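Enquirer: The primary structure of each chain is shown beneath.
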Amino acid sequence: MSIDIKKIREEFPVLDQAINNKPFVYLDNAATTQKPKAVIKRLVDYYEKENSNIHRGEHFLSRKATEAYENSRNYVQSFINADNSHEVIFTSGTTESINLVASSFCKKFLNQGDEVLISAMEHHSNIVPWQIACDENKAHLKIIPINQKGELKLDEFHKMLNDKIKIIAINHISNSLGTINPVKEIIEAAHKKNIPVLLDGAQAMSHIKVDVKELDCDFYCFSGHKVYGPMGVGVLYGKEKWLNKMPPYQSGGEMISEVTFKKTTFNNLPFKFEAGTPNVADVLALKESLIFMSSLNYNDIQKHENDLKEYLTNNLKQLDKIKFIGTSSKKTSVVSFIFEDIHPSDTGIILDNMGIAVRTGHHCTQPIMDFYKIPGTVRASMAIYNTKEDIDRLIEGLKFVRKMFS
Amino acid sequence: MSIDIKKIREEFPVLDQAINNKPFVYLDNAATTQKPKAVIKRLVDYYEKENSNIHRGEHFLSRKATEAYENSRNYVQSFINADNSHEVIFTSGTTESINLVASSFCKKFLNQGDEVLISAMEHHSNIVPWQIACDENKAHLKIIPINQKGELKLDEFHKMLNDKIKIIAINHISNSLGTINPVKEIIEAAHKKNIPVLLDGAQAMSHIKVDVKELDCDFYCFSGHKVYGPMGVGVLYGKEKWLNKMPPYQSGGEMISEVTFKKTTFNNLPFKFEAGTPNVADVLALKESLIFMSSLNYNDIQKHENDLKEYLTNNLKQLDKIKFIGTSSKKTSVVSFIFEDIHPSDTGIILDNMGIAVRTGHHCTQPIMDFYKIPGTVRASMAIYNTKEDIDRLIEGLKFVRKMFS
Amino acid sequence: MKNIKDVESEIISEFEAFDDWTDKYNYIIKDLGSSIPEIETEYKQPKYLIKGCQAQVWLHASYKDGKVFFTADSDAQITKGIISLLLRVLSERTPDEILNADLKFIDDIGLKEHLSPTRANGLTNMIKQIKLYAMAFKTKEKKA
Amino acid sequence: MKNIKDVESEIISEFEAFDDWTDKYNYIIKDLGSSIPEIETEYKQPKYLIKGCQAQVWLHASYKDGKVFFTADSDAQITKGIISLLLRVLSERTPDEILNADLKFIDDIGLKEHLSPTRANGLTNMIKQIKLYAMAFKTKEKKA
Ligand SMILES: Cc1ncc(COP(=O)(O)O)c(C=O)c1O
Ligand SMILES: Cc1ncc(COP(=O)(O)O)c(C=O)c1O
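Protein chains in written order, with my numbering: chain C, 18 to 423; chain R, 18 to 423; chain V, 88 to 231; chain X, 88 to 231.
I should point out that these hints are in silico values taken from the structure, not numbers from a laboratory. Computed from a prediction, not measured in an experiment: that's the story for all the values here. Cβ atoms here follow ideal geometry from the backbone N, Cα and C, with glycine treated the same way. Don't take each hint at face value.
Stated by the list, open to error - Here are some of the chain C residues that sit facing chain R, going by a computed Cβ distance under 7 Å:
1. Thr49
2. Val61
3. Glu75
4. Thr112
5. Asn116
6. Pro146
7. Ile149
8. Ile160
9. Pro162
10. Met248
11. Ile273
12. Ala292
13. Asn296
14. Asp299
15. Leu333
Can you build the whole structure from these sequences, using the hints too?
Expert: Printed below as a string of structure tokens:
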């Protein structure tokens with residue numbers, strides 16, 4: 018292995034603590050990742066030396082903060098390989114990014130009888146905004162089905178494609194299954210019918226290289242807090258041609274060009290979609306998290322995380338009555354499973370008492386749970402700082418769970 | 018004076034720096050306030066020891082973070098004296114709070130031919146969302162006029178009141194004029210006609226005691242970053258009776274109770290209005306800023322800030338060709354003015370070079386500038402940590418501006 | 088019958104006997120779970136399901152001679168054990184007794200985390216539901 | 088006529104003479120402001136106003152013998168002075184010269200802050216507008 022995990026772990030202060038007198042094992046990275054020192058330091062530096070409102074001021078701090086803020090935007094642009102920095106909109110997170118598009122795009126382009134296409138493995142944040150948009154515009158929400166392995170049924174998808182579909186919204190990587198979806202194929206097919214595609218990239222950014230130009234997606238959404246960055250900030254990438262045509266979403270502040278009580282005109286991209294005082298501190302810290310990502314190498318990340326996934330999967334297979342949920346061969350380091358005879362909630366409580374943090378429940382993907390007819394799963398999701406020791410501890414914990422419930 | 022400003026200044030690291038080799042004078046507090054150490058420390062502690070996603074987890078950190086998050090909510094509740102903690106919704110700021118109400122309330126209650134009433138001294142964030150809501154619902158936006166002093170014309174307001182008005186939205190304190198509006202009188206009159214009132218409290222929280230029960234307002238909005246707290250977080254207080262009837266705004270995450278592709282049911286208050294992963298870190302830090310406020314005494318704050326305002330006003334009067342914008346006798350420590358013969362932008366640039374941060378421009382209140390027929394103002398806005406020396410430096414700077422342009 | 092405070096003290100001393108969390112949870116899972124006044128199958132349906140629990144929880148209430156009788160079940164063992172504790176304290180009580188119960192004992196025996204204001208640990212919702220039942224029966228009685 | 092680079096160097100050495108910011112701004116306000124090729128009154132109207140400046144800026148362009156001629160004005164002195172500098176470099180140039188100008192000299196003379204990506208300091212918008220004019224004239228010529 019060419020990365021030094023021990024050194025990486027030193028960058029994450031939170032990992033170095035004991036829970037119930039046991040070293041802390043954090044395997045809930047799909048929910049949120051921990052933050053390296055540089056991210057935390059950026060927040061401190063900003064508030065101790067630079068804090069100011071931006072864009073409007075003639076004064077030194079305001080200018081400096083504005084410049085730093087726009088630098089962050091440029092950094093995101095090149096990180097995801099967008100054509101223009103004004104195609105990068107800062108939001109409060111993936112959920113807001115999706116809501117923005119669902120509201121603004123659909124107001125403009127979705128009409129009675131039209132369709133929106135999503136999949137059966139979406140996060141609630143990529144279901145409900147579209148349900149509401151369809152309701153409001155008298156359109157229909159259609160669902161790409163999945164197979165037992167937790168993969169999109171692509172043949173069904175191709176059959177469903179039709180001219181009534183105005184937008185397709187799917188996750189790049191599933192948060193409860195770990196499946197990496199064949200988004201390029203979907204985008205290509207959609208574009209043949211001039212249908213734009215939004216990718217929910219919340220789970221992708223920390224694991225795989227995202228290149229919006231290569232993907233040719235029309236919208237890409239992600240959250241800072243899932244890519245080693247701070248909470249309260251996210252990104253909406255959108256192709257200029259769409260963003261320009263869409264009406265503003267929230268209004269007030271810098272997104273306005275001129276206001277009279279008769280008529281208001283809106284500012285250009287990206288400002289048009291950034292209402293109110295932006296979350297400057299967290300936007301600056303987000304850049305640090307992407308710098309951290311850049312300091313690694315995606316091949317190394319994938320090799321390390323894949324090793325952990327394999328190691329965990331193989332060890333789980335040794336246990337009795339384990340059922341895996343999400344068994345695609347194309348997966349990130351998310352392992353969802355259940356003991357067939359033990360409720361995930363019970364498993365979670367015992368693991369917690371042993372200092373092991375996994376997530377149990379439906380992971381905001383209730384339709385998947387309904388599909389598999391289970392109440393939820395136990396989900397272990399690995400990040401770059403996890404180790405085989407973490408996995409050993411989890412396996413040990415699960416053996417103890419088995420003992421407690423038999 | 019019973020507060021020790023020198024000691025308070027020590028809590029604000031940002032103030033202790035030089036700009037262009039001159040000690041930094043920060044008089045742009047209406048745009049954003051600086052942060053005390055405790056606020057910054059809370060962010061660090063959270064990310065170094067507690068960071069986790071909340072509400073959904075069975076594990077230790079998640080529970081701890083959830084508890085801290087809900088504690089913050091309770092703190093805000095008692096700080097503004099709300100009846101219930103679930104009447105406190107965390108948003109990304111005042112702008113989002115207002116957008117939430119303008120969108121959700123109006124979807125439910127605003128019909129064709131109805132009216133929304135705002136005033137001529139609103140911030141763009143409290144104008145444009147209502148313009149859009151009125152447009153979408155074929156309703157009319159009506160404007161309470163102001164007089165030359167920059168006060169609401171209350172007699173006109175009373176005449177304008179009628180049953181077609183579905184909601185009134187006004188600022189508690191004006192950001193460009195400093196006027197403290199007679200909101201109690203407005204609310205009382207509105208309630209006689211069963212019209213709810215939203216107060217934009219962005220400029221009020223750091224200066225005066227806000228008691229939503231005593232005000233009896235139906236909605237109250239404010240931003241963390243203007244009350245010594247972090248960026249990226251704000252509050253919407255709303256009376257339960259309204260919030261319960263309003264449809265959700267953004268969707269996804271914890272605000273959902275159950276999802277199937279057929280039907281989605283929403284969670285109870287306050288979660289119904291908090292979509293996506295909340296900005297936990299900044300919500301916790303917001304509590305620290307309110308604790309800081311509580312450590313002071315509103316009488317002391319007002320005395321100190323009022324002294325500064327008077328001192329500045331009197332000194333400005335000694336200068337040639339100064340015109341004051343906003344001369345109500347009921348004002349906070351916001352002083353807007355122009356040199357009649359020098360553009361505010363020119364004034365701002367020279368002051369900036371002297372290390373003095375004021376704001377110049379229209380302060381997101383273009384209609385006020387149109388009313389006074391000026392391109393903008395120079396605005397000095399004082400906070401608890403400002404001193405007479407700051408004012409002296411500003412006056413010195415303005416004298417130099419005069420010299421440069423004659 | 089012992090009053091609420093007595094039962095709570097009883098439970099607290101039971102739990103004081105445990106040396107560590109393992110023993111405690113063993114007791115909750117093995118002993119308490121099976122001592123729950125189990126809900127009749129006819130009531131084990133969506134109508135009686137408590138919302139907002141990660142585990143499913145069914146709760147039924149009936150009223151006789153001025154007292155409220157609860158039966159319940161859950162598909163998760165630990166949840167079931169804790170419910171069983173709650174019913175030991177709150178079942179067969181008058182509406183007023185139920186409404187006045189502060190349930191601080193949960194904290195004392197180190198199970199507070201299960202009542203935190205989260206959705207996942209929706210036992211809070213169950214307690215709310217129990218109190219709602221008590222309230223309903225009380226109002227009904229007054230009217231009658 | 089000197090080429091763009093030459094004029095830029097000339098300006099840079101002019102500005103090197105200033106000891107401090109006061110002298111520099113004095114020069115911008117007193118000397119440069121008055122040397123602007125002032126816009127004709129007929130063009131000083133909303134149509135020629137540049138959007139997004141805190142100060143109002145009017146800009147007019149005309150095309151003669153393969154060169155673009157700019158006139159302008161502003162209600163703020165410092166803005167006016169800086170525009171005057173920009174036009175000294177960019178007026179009476181071919182569209183290609185204008186389109187290729189990197190204007191780095193603004194940075195060299197310590198005025199970069201006025202070109203930051205903010206709305207208030209909308210000089211950036213003015214430069215954009217200048218380049219748009221150049222582009223438009225270029226395209227027109229090609230078609231003709
Ligand atoms: C009166 C008033 N309302 C609303 C706002 C908007 O606040 P924010 O930008 O924090 O959303 C501001 C501040 O900019 C303000 O002063
Ligand atoms: C696939 C997916 N989409 C959307 C979201 C929502 O992200 P956030 O809560 O940061 O807005 C998440 C995470 O919770 C996710 O995993």
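Enquirer: Indicate, hint by hint, whether the structure satisfies it.
Expert: So, going through the hints one by one against the coordinates:
1. Thr49: 4 Å, holds
2. Val61: With Cβ-Cβ at 6 Å, under 7 Å, it holds.
3. Glu75: Given a least distance of 4 Å, the restraint on Glu75 (chain C) holds.
4. Thr112: 3 Å, holds
5. Asn116: 4 Å, holds
6. Pro146: With a closest approach of 5 Å, the Pro146 (chain C) hint holds.
7. Ile149: Hint on Ile149 (chain C): holds, closest Cβ of chain R at ~6 Å, below 7 Å.
8. Ile160: Holds. Min distance 6 Å.
9. Pro162: With a minimum Cβ separation of about 11 Å from chain R (threshold 7 Å), the hint on Pro162 (chain C) is violated.
10. Met248: 5 Å, holds
11. Ile273: 5 Å, holds
12. Ala292: Hint on Ala292 (chain C): holds, closest Cβ of chain R at ~5 Å, below 7 Å.
13. Asn296: 3 Å, holds
14. Asp299: 5 Å, holds
15. Leu333: 19 Å, violated
Taken one by one, the earlier hints fail for this structure at numbers 9 and 15, listed in ascending order.
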